[in-house]
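Colleague: These protein sequence lines are chains E and P, in that order.
Under the working numbering, the residue at position 61 of the first sequence is numbered 61, and the numbers go up by one with no gaps.
Under the working numbering, the residue at position 74 of the second sequence is numbered 74, and the numbers go up by one with no gaps.
To be clear, the hints were calculated from the coordinates, so they are not data collected in a lab.
For clarity, every value in this text was computed on a predicted model and none was experimentally measured.
Yeah, the Cβ is synthetic: ideal placement off N, Cα and C, and Gly gets one too.
It is possible that some hints are incorrect.
To be verified - Computed from the model, here is a short list of chain E residues facing chain P with C-beta under 8 Å:
| # | residue |
| --- | --- |
| 1 | His43 |
| 2 | Phe90 |
| 3 | Arg94 |
| 4 | Ile99 |
| 5 | Gly102 |
Unchecked claim - Listed below are the simulated EDC-like cross-link pairs for lysine to aspartate or glutamate, each with C-alpha atoms no more than 20 Å apart in a straight line:
| # | chain 1 | residue 1 | chain 2 | residue 2 |
| --- | --- | --- | --- | --- |
| 6 | E | Lys98 | P | Glu52 |
| 7 | E | Lys98 | P | Glu30 |
| 8 | E | Lys98 | P | Glu59 |
| 9 | P | Lys9 | P | Asp26 |
| 10 | E | Lys98 | P | Glu103 |
| 11 | E | Lys61 | P | Glu103 |
| 12 | E | Lys58 | P | Glu103 |
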Amino acid sequence: AQSVSQHNHHVILSEAASLELGCNYSYGGTVNLFWYVQYPGQHLQLLLKYFSGDPLVKGIKGFEAEFIKSKFSFNLRKPSVQWSDTAEYFCAVRRASKIIFGSGTRLSIRP
Amino acid sequence: NAGVTQTPKFRVLKTGQSMTLLCAQDMNHEYMYWYRQDPGMGLRLIHYSVGEGTTAKGEVPDGYNVSRLKKQNFLLGLESAAPSQTSVYFCASSYGTGQGYNEQFFGPGTRLTVL
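Extracted from the complex, chain E is given alone in its bound form:
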């Protein structure tokens, strides 16, 4: 079945640690890729998106993601996390008219 997989359900890091959250999808052909963030008690906000071109995409708040087509992956990275990055992170893939989300990764940052 076509799906979006986020294998890390809960990640706990200390401030200033580096972050990488995995995202894999199983759709073939052309896709658009997104990372959304949901801060506690808030709705989803777009972090970054990939449509075409440079596979390394930079987003807001120091986040970036790399699209590796051969691995069907779109991993999210940040060199140094802050306590304010505590949130849930969702990878999403657009295929035709639908946007399908992964199950999310909860990120907890220890002060």
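Fit chain P to the given chain E structure using the hints.
Modeller: What follows is chain P alone, placed relative to chain E:
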């Protein structure tokens, strides 16, 4: 602009009751979506619409109906609520699917509890 708004914000239903969730957007978006968010399962697409008067099924459409009579509104209906429909419901909208235009904008969510 208000963006995407949802009413109500909270609702408690008894099993078998019906209700309608309203989503409204003021961005002239063509596409609108309804998702449900459950712990550990992320967001799952219930139904979506690619324009006024059109609707289509998503991943988990059973037990829900939708209507898009006006471009700015997308209604989600539960005809006979079940405890399994206890969830947080999010509406989203986007311009379309062209490059640069398919970012989704989300509403604040509706927390529904079915007893």
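Colleague: Run every hint past the structure and note whether it holds.
Modeller: Here is how each hint holds up against the structure:
The closest approach between the C-beta of His43 (chain E) and any C-beta of chain P is roughly 4 Å, which is under the 8 Å cut-off, so the hint is satisfied. The beta carbon of Phe90 (chain E) is positioned within 8 Å of a beta carbon in chain P (closest approach about 6 Å), and the interface hint is therefore held. Annotation: interface hint on Arg94 (chain E) holds; nearest CB of chain P at approximately 6 Å, less than 8 Å. Evaluation of the Ile99 (chain E) hint against chain P yields a held restraint, the C-beta minimum of about 6 Å falling below 8 Å.
Hint status for Gly102 (chain E) relative to chain P: holds, with the closest Cβ pair at about 5 Å, below 8 Å. The hinted pair formed by Lys98 (chain E) and Glu52 (chain P) meets the criterion: a straight-line CA distance of about 17 Å does not exceed 20 Å. Taken as a hint, the Lys98 (chain E) and Glu30 (chain P) pair is honoured in the structure, with Cα atoms around 13 Å apart against an allowance of 20 Å. Taking the CA atoms of Lys98 (chain E) and Glu59 (chain P), the gap is about 10 Å. The hint holds against a cut of 20 Å.
Pair hint Lys9 (chain P) plus Asp26 (chain P) holds up; C-alpha atoms about 18 Å apart against a cutoff of 20 Å. Restraint check for Lys98 (chain E) and Glu103 (chain P): the C-alpha separation of about 12 Å stays at or below 20 Å, so the hint holds. Of the supplied pair hints, the one linking Lys61 (chain E) and Glu103 (chain P) holds, its CA atoms being roughly 18 Å apart against a limit of 20 Å. For the hint linking Lys58 (chain E) to Glu103 (chain P), the alpha-carbon distance of about 15 Å falls within 20 Å, and the restraint holds.
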